[in-house]
Amino acid sequence: MSLRIHQDHSRFKQIVRGKIKSNLRKYVQKGEMIGKKGKDTIAIPIPFIDIPHFKYGHKEQGGVGQGEGEVGQQLSPGSVQPGDGHQAGQGEGDHSLEVDVTLDELAQILGEELQLPNIERRHNEKIVTQKIKYTGVNTTGPESLRHFKRTYKQALRRQIAMGTYDPARPIIIPTREDRRYRSYKLQELPETNAVIIYMMDVSGSMGDEQKEIVRIESFWLDTWLRHQYKGLEARYIIHDAVAREVDRDTFFHTRESGGTMISSAYKLCRDIIKADYPKSAWNIYPFHFSDGDNWSADDTRQCIEMLREDILPSVNQFAYGQVESPYGSGQFIKDLREAIGDSTNVALSEIADKDAIYTSIKDFLGKGR
Amino acid sequence: MPKSLTPGLSKLKEEIEGYARQFGLDFFETIFEVLTYDELNMVASYGGFPTRYPHWRWGMEYEQLSKGYEYGLSKIYELVINNDPCYAYLLESNSDVDQKLVMAHVYGHCDFFKNNFSFRHTNRRMIDDMANHATRVRRWVDKIGVEKVEDFIDRTLSLENLIDQHAPHIRRNPDPKRAEDEMKSNERVEGFKVDREYMRGFINPAEFLDSQRKKVEDEKLKAKKFPERPQRDVLMFLLEHAPLEPWESDVLSIIRDEAYYFAPQGQTKIMNEGWASYWHSTIMTRRALKDDEVIDYADRHSGTMGTRPGALNPYKLGIELWRDIEERWNKGRFGKEWDECDDLRARRSWDKKLGVGREKIFEVRKHYNDITFIDTFLTPEFAIEQKLFVYGFNEKRNSWEILDREFRKVKNKLLQGLTNFGQPIIEVVDGNYENRGELLLAHKHDGQDLKGDYARETLRNLQSLWRRPTCIITRYDNKGVLLRFDGQNHTEKKIDL
Numbered sequence: 001m002s003l004r005i006h007q008d009h010s011r012f013k014q015i016v017r018g019k020i021k022s023n024l025r026k027y028v029q030k031g032e033m034i035g036k037k038g039k040d041t042i043a044i045p046i047p048f049i050d051i052p053h054f055k056y057g058h059k060e061q062g063g064v065g066q067g068e069g070e071v072g073q074q075l076s077p078g079s080v081q082p083g084d085g086h087q088a089g090q091g092e093g094d095h096s097l098e099v100d101v102t103l104d105e106l107a108q109i110l111g112e113e114l115q116l117p118n119i120e121r122r123h124n125e126k127i128v129t130q131k132i133k134y135t136g137v138n139t140t141g142p143e144s145l146r147h148f149k150r151t152y153k154q155a156l157r158r159q160i161a162m163g164t165y166d167p168a169r170p171i172i173i174p175t176r177e178d179r180r181y182r183s184y185k186l187q188e189l190p191e192t193n194a195v196i197i198y199m200m201d202v203s204g205s206m207g208d209e210q211k212e213i214v215r216i217e218s219f220w221l222d223t224w225l226r227h228q229y230k231g232l233e234a235r236y237i238i239h240d241a242v243a244r245e246v247d248r249d250t251f252f253h254t255r256e257s258g259g260t261m262i263s264s265a266y267k268l269c270r271d272i273i274k275a276d277y278p279k280s281a282w283n284i285y286p287f288h289f290s291d292g293d294n295w296s297a298d299d300t301r302q303c304i305e306m307l308r309e310d311i312l313p314s315v316n317q318f319a320y321g322q323v324e325s326p327y328g329s330g331q332f333i334k335d336l337r338e339a340i341g342d343s344t345n346v347a348l349s350e351i352a353d354k355d356a357i358y359t360s361i362k363d364f365l366g367k368g369r
Numbered sequence: 370m371p372k373s374l375t376p377g378l379s380k381l382k383e384e385i386e387g388y389a390r391q392f393g394l395d396f397f398e399t400i401f402e403v404l405t406y407d408e409l410n411m412v413a414s415y416g417g418f419p420t421r422y423p424h425w426r427w428g429m430e431y432e433q434l435s436k437g438y439e440y441g442l443s444k445i446y447e448l449v450i451n452n453d454p455c456y457a458y459l460l461e462s463n464s465d466v467d468q469k470l471v472m473a474h475v476y477g478h479c480d481f482f483k484n485n486f487s488f489r490h491t492n493r494r495m496i497d498d499m500a501n502h503a504t505r506v507r508r509w510v511d512k513i514g515v516e517k518v519e520d521f522i523d524r525t526l527s528l529e530n531l532i533d534q535h536a537p538h539i540r541r542n543p544d545p546k547r548a549e550d551e552m553k554s555n556e557r558v559e560g561f562k563v564d565r566e567y568m569r570g571f572i573n574p575a576e577f578l579d580s581q582r583k584k585v586e587d588e589k590l591k592a593k594k595f596p597e598r599p600q601r602d603v604l605m606f607l608l609e610h611a612p613l614e615p616w617e618s619d620v621l622s623i624i625r626d627e628a629y630y631f632a633p634q635g636q637t638k639i640m641n642e643g644w645a646s647y648w649h650s651t652i653m654t655r656r657a658l659k660d661d662e663v664i665d666y667a668d669r670h671s672g673t674m675g676t677r678p679g680a681l682n683p684y685k686l687g688i689e690l691w692r693d694i695e696e697r698w699n700k701g702r703f704g705k706e707w708d709e710c711d712d713l714r715a716r717r718s719w720d721k722k723l724g725v726g727r728e729k730i731f732e733v734r735k736h737y738n739d740i741t742f743i744d745t746f747l748t749p750e751f752a753i754e755q756k757l758f759v760y761g762f763n764e765k766r767n768s769w770e771i772l773d774r775e776f777r778k779v780k781n782k783l784l785q786g787l788t789n790f791g792q793p794i795i796e797v798v799d800g801n802y803e804n805r806g807e808l809l810l811a812h813k814h815d816g817q818d819l820k821g822d823y824a825r826e827t828l829r830n831l832q833s834l835w836r837r838p839t840c841i842i843t844r845y846d847n848k849g850v851l852l853r854f855d856g857q858n859h860t861e862k863k864i865d866l
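Residue numbers (our numbering), protein chains in the order written: chain A, 1 to 369; chain B, 370 to 866.
Keep in mind the hints are simulated off the structure, nothing from the lab.
Quick caveat: nothing in here was measured; it's all calculated off a predicted structure.
One or more hints might be untrue.
[To be verified] No farther apart than 35 Å at their CA atoms in a straight line, the calculated lysine-lysine pairs in the DSBU-like style are these:
no., chain 1, residue 1, chain 2, residue 2
1, B, Lys-756, B, Lys-685
2, B, Lys-380, B, Lys-729
3, A, Lys-13, B, Lys-436
4, A, Lys-13, B, Lys-512
5, A, Lys-362, B, Lys-436
6, A, Lys-211, B, Lys-436
7, A, Lys-13, B, Lys-517
8, B, Lys-756, B, Lys-735
9, A, Lys-354, B, Lys-436
10, A, Lys-274, A, Lys-362
11, B, Lys-436, A, Lys-230
12, B, Lys-444, A, Lys-13
13, A, Lys-362, B, Lys-517
14, B, Lys-765, A, Lys-354
15, B, Lys-483, B, Lys-705
16, B, Lys-436, A, Lys-367
[Stated by the list, open to error] Pair by pair, the computed Cβ-Cβ distance ranges are:
no., chain 1, residue 1, chain 2, residue 2, range
17, B, Gly-672, A, Arg-150, 42 to 48 Å
18, B, Ile-794, A, Gly-67, 28 to 34 Å
19, A, Glu-212, B, Arg-598, 56 to 62 Å
For every residue, glycine included, the Cβ atom is placed at its ideal position computed from N, Cα and C.
One chain only, chain A, in its complex shape:
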């Protein structure tokens, strides 16, 4: 059923997304896209548009509250929301509610916000995994699967029937025949396996801000792909002049220095794919982030060759994000664009600053591959 309000609602959403009425864009208030990530939940503020009025500065205002507490005691953050006072009708004073949503919901919101297509899986029915499903109870089975409650009941029933049950001394001794075991069936489930291979340039020119961008962006990529594939694997590669595989924590926190040889990372990526992720069974997503300042044209040529020959044929999508660093933005993305820009499974994106993350995510995930 369609309500009249939906027209206004979608118009509001369009404004928030910046599709229409860019003059209102400056009044849109939104929190940071990444929120607190504790125990799989995250807080996302709801965007709202604040039309300017003549009004008092919030901090000037203060107000009257109610409750316990000594003079001088701090109020818990978030508890103070001086209302507009002007809100007609029902008392909705406060605007930015913080809501807790699960990562899965977050991914849905992300998909909806960016209008991301669902990913078209490559190897949908090819691989099957077997999954154990407990379906019933049997009289035989391994002791580890013994159903204690059923066994007890069975024994109790037998003893009562035999007249050996004494309520005053209720001892139940199950015999072999009383034992009951959980029985299972093996189910064959089609499974889609997916792996993300993150590569990041950690050469001297990648500063903390650039890493922060990569971190935020990979969080969202991760969230979205996890929403699409259950059991997503992730591998992390860092490189300067040489590449090595690291764990997640190191990936985001290392700061190396030195030159940049992107080919080293691609070589490692290729080897990982070859060794662990056969193309026929896996959906593979390499993401590479760099400031695009490669060591030499020669190295770049090697990279492109490797991409053409080995990587592109075996992956769902290869994505390259070029983060702008204080030293400017490098040549690499242009080279890639010229060489392989028109391949269908390549996504290239330039990320100028934090605000550009939004569009960049769209660049990467908008193809639905």
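Got chain A; can you put chain B on it based on the hints?
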């Protein structure tokens, strides 16, 4: 879309309405409609009306309400509009005890709408007028284009709070004195009366006559200045004097009408919510509750009454204050004798068994608004009992904290927050500022500075309606400042006040 009441619900309605009448509530006929939650969210987004002109901000409200509902954070219980007949909405999925509570609450509101003086001049056919407004705006949208109309609405919304909340109660006639002055100033300047013709040159020398003439001219010029007196109803001023297209003034007048319609609800929030809560509580606990409903009711009721340290809950403050008034008048705790008694023990056990509490609160609900209500009935004892405090922002610690529990300060802060809806008072001072057709507003500074970036943006929106530069006089850090926007640039200059 709205369903009529099920037989079960209409029986409940009859029951509750009966109790409400027994208690002496006096209300317009009240029509309940049953809605699903997204319909209810829609109606709530429209400010309680089934239809409004098309605008994204209803969508924004809807986004908040529906997300709040979906994540289980908030739920609208009661929604009632001031209209004759009153319309109120029930959420389809509510349990019977919820529905009863909502109905009882709604009858409280309806009684308040009908009897409180603040609502006397509100439009009781607003539900029709809102629909007409919607049609008018839609027609303009068809004619002028959605972008243009919506942009205009956005700008006027920026000025929506610049109304004179007392206007509906006062007829501001053109000043009769002015007409008189006009007559006088048209007379020739004669100078003093001269008995002997030869003395004329001495009694009324030429310079003197000239200066007199000049004075009259000056006064005339002053009279030409408009508005004659500072005008709070900025929207009205714009309607009368800004060079608006016909469609623009039509839309502006719609925005203004609706702002005035909602104003009394802002002026009586604490009283009104408190009154409705007082009555749902009274009706439910004295009459309507069945034994098996008590827990659910208590849960709901305490949910509405919950307080947070940093926000005042009008439901809670209101109901407690009504109960306090009732008790005081029941026990005779008022008047000279009570005020002069400073024996604490005597005060505590004071009970003259007057029993006029109920009568008193009915009278109060007629003649007060939030400001006079708080001003008259908030007592030091009440403030202590309710643990009221003043909070403020501590710049050093970068956090909000409790500043004071002293009664005077609490009360003043409360009243300050209620005056003009807690919004700055802004007036039009001059529609022909500097004789250049610029619009000059003045902010009546009461110790709180305006939010600067918002003020500038608002000036910009105002300028787009006025077409000529717009200015506002205010103070920052206790120094006079004139903010000006000329259509291109913002300027700021110091002035002496």
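Each hint, compared with the structure:
no.	hint	result
1	B/Lys-756 / B/Lys-685	holds, 12 Å
2	B/Lys-380 / B/Lys-729	holds, 32 Å
3	A/Lys-13 / B/Lys-436	holds, 13 Å
4	A/Lys-13 / B/Lys-512	holds, 25 Å
5	A/Lys-362 / B/Lys-436	holds, 24 Å
6	A/Lys-211 / B/Lys-436	holds, 33 Å
7	A/Lys-13 / B/Lys-517	holds, 19 Å
8	B/Lys-756 / B/Lys-735	holds, 28 Å
9	A/Lys-354 / B/Lys-436	holds, 26 Å
10	A/Lys-274 / A/Lys-362	holds, 29 Å
11	B/Lys-436 / A/Lys-230	holds, 26 Å
12	B/Lys-444 / A/Lys-13	holds, 22 Å
13	A/Lys-362 / B/Lys-517	holds, 31 Å
14	B/Lys-765 / A/Lys-354	holds, 30 Å
15	B/Lys-483 / B/Lys-705	holds, 33 Å
16	B/Lys-436 / A/Lys-367	holds, 28 Å
17	B/Gly-672 / A/Arg-150: 42 to 48 Å	holds, 44 Å
18	B/Ile-794 / A/Gly-67: 28 to 34 Å	holds, 30 Å
19	A/Glu-212 / B/Arg-598: 56 to 62 Å	holds, 57 Å
Checked against the numbered hints above, the structure violates none of them.
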